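So the protein sequences, as listed, match chains F and X. Mind the numbering: the first sequence is residues 2 to 460 in the working numbering, read in order. Mind the numbering: the second sequence is residues 53 to 220 in the working numbering, read in order.
Everything labelled a hint here was simulated from the structure, so no lab data went into it. Please read all numbers here as calculations on a predicted model, not as lab measurements. For each residue, glycine too, the CB sits at the ideal point set by N, CA and C. Don't take every hint at face value.
Cross-link-like lysine-lysine pairs, in silico, BS3-like; alpha carbons within 27 Å at most [to be verified]:
(1) K276/F <-> K389/F
(2) K70/X <-> K55/X
(3) K354/F <-> K446/F
(4) K140/X <-> K15/F
(5) K218/X <-> K187/F
(6) K15/F <-> K187/F
Quick look at which bits of chain F chain X covers, simulated, 3 or more residues with Cβ under 8 Å [to be verified]:
(7) 119-125
(8) 149-160
(9) 175-184
(10) 195-207
(11) 218-227
(12) 384-395
(13) 424-438
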Amino acid sequence: MRQGRQLDEIRINKELLNGALETPAWWKWAVLILFTIVISGFVVFGIQTNKGLGVTGLSRPVFWGAYITTFVFWVGISHAGIMISAILRLTQAEWRRPVTRAAELLTVFSLLTALSFPVIHAGRPWRIIYWIFPYDFARGLWPNVRSPLVWDPAAIGTYLTGSTLFLYVALLPDLGVLRDRTTGWKHAMYGALSLGWRGNPRQWRLQTVAGVLLSALMLPIFVSVHSIVSWDFAVTPGVEGWNSTIFAPYFVIGAVHSGVSAVVTMMALMRWLWKWDNFIRPEHFDALARLLIVVAVAWFGFTIVEILFSLYTLEGPELAFRDMQIFQWPWAGLFVVFLLTGFFIPVTMWLFKGVRNSIALMFWTSILVNIGMWLERFLIVVPALARKQPFVYTWGSYQPSIVEFAMMAWSFAFVSMNMLLFARFFPLIPLFESKEAMIFTTEMKIGRTTIPAVLREQE
Amino acid sequence: MAKTSILGLYEDPEDGAKAMDALHAVGMDPNDFDVLTGTPYPEGAFGEHVPQHRLFRFPVFGAMVGFTLAILFTAGTQLAWPIVTGGKPILAIPAMLIITYELTMLSAVIMTVIGILFESRLPNFAPGAYDTRITEGYVGVVVSVDEGRESEFEEILNTAGAMETKRA
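Kindly produce the complete structure, drawing on both the sequences and the hints.
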């Protein structure tokens, strides 16, 4: 059964540009509230910069806490874009069409937010520059390329630049549509941004080739980014639970799990807020849920292997760390919540077709996954540092302070506000992809039944 | 001789294809006429000249540039400020590999995007005859003709079923 109506191009323009050409009543209020939270976040950051990191819960020996956890979390979310956009583009999965733009956008804003957290965490943010650039030409002192703190900006900077360019190239045809539907300064802005797009066969052909080529180039970057983020931990031999050889693939698959779940969250919101029922349909949630089941099971397998092999070493410190992480309060409580929200509740629910086709249930299960995935990163970062080590004169636990909670709230508001601002000027669903889908979608009669079919050009 | 750009606008893609056939039939150079659509139609849908491109050279060139710069950066900085660790070489190859990989890919992506724009002939802010209805599903056939022959080609476009023609 076909779930969407066949629309003409005028109708597609009208429906998908309803956010960019008109201002929905709720939009101003939503942006105002988010803007207030964002500004409050900057104020809190200013206070922290003035007072120092003492306003956080960070203290010897736990020097990495909620900030680094949130950094890893947002890098993970950023993997949604390339996972959805590049892999589905390369495999010509038809259901990718309404999802790609929002996923790429989520990548860009998540990465921007993720990049902020090492800066916030540093306490003296101006010193971040030392990691990347030579700060004292007189002495010829250079960044230490052996440090993961140099690898991280290199990887994330590459991913952010590539994702932004990928997003822009795919936006060109839609900027042409906006140029044709606007007047005044908006017409001039869209005209300049569309670079004089006309829609001739050369431009369309290059657009298609670009989608495939950039996807193929972005995929290895996508894998490298979270691998390198995992090496922030894995190359530290002195901390139990961190020095693990499977951290790179474990982090990558975890990132895909949280990123694709975040795309589900966003798609549900887009469907509700902009009433895009003709474009974002239950069949898309069904397909994403099936994908998530596979990803979640693979990620859970890595979780088990990671714990199993640390126990297999029979090394005292490693066993003591796992005992603390899994069985000692408060980590034990968080561990249970992590397993339930990150895997058992959502995956069990996704096994049922009724859940996969329910937008509300998919929305809430995707939220659960990201609660679980934030806790997963927290349980990797903090207990390993909090455990009592020999020859350490002080040790203690860690509890995020109100300042850290405020900065976490800032990060969610910052991403959401940027998404809404983008949606006010640009379409969140690619217009040309939706129009192309209408051309290539047909119905086929087989025997006494009629089924939806998709035509595909021979490459 | 100065050229005039003429656009024929078609509601039905089939009429657009007929106009393209008619322009082929009168011996127009394929570089002098083009079809404009708001949707990526399958290649050859309008009997158009299939454009060739050299996009794949751009990422290769970009990767070579990025690789070279990355080696210069990572090796140069380590040699400029050697961190001597007992028994280990000054140049830390595994660390260099990571940064070299990222900069190689970054440069390849940037050059690919430059290549996409170059091969798409963008930016182009003097595009000739155009109609905003093209992005609403209409098909435009645009032809560049010598001054004085405008009426002849408007006739060809109209015969194929153009609902309107425009000059620029």
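Going through the hints against the structure:
no., hint, in the structure
1, K276/F <-> K389/F, "violated (54 Å)"
2, K70/X <-> K55/X, "holds (23 Å)"
3, K354/F <-> K446/F, "holds (26 Å)"
4, K140/X <-> K15/F, "violated (65 Å)"
5, K218/X <-> K187/F, "holds (25 Å)"
6, K15/F <-> K187/F, "holds (17 Å)"
7, 119-125, "violated (count 0)"
8, 149-160, "holds (count 6)"
9, 175-184, "holds (count 4)"
10, 195-207, "holds (count 12)"
11, 218-227, "holds (count 5)"
12, 384-395, "violated (count 0)"
13, 424-438, "holds (count 3)"
Violated hints for the displayed structure, listed by number in ascending order: 1, 4, 7 and 12.
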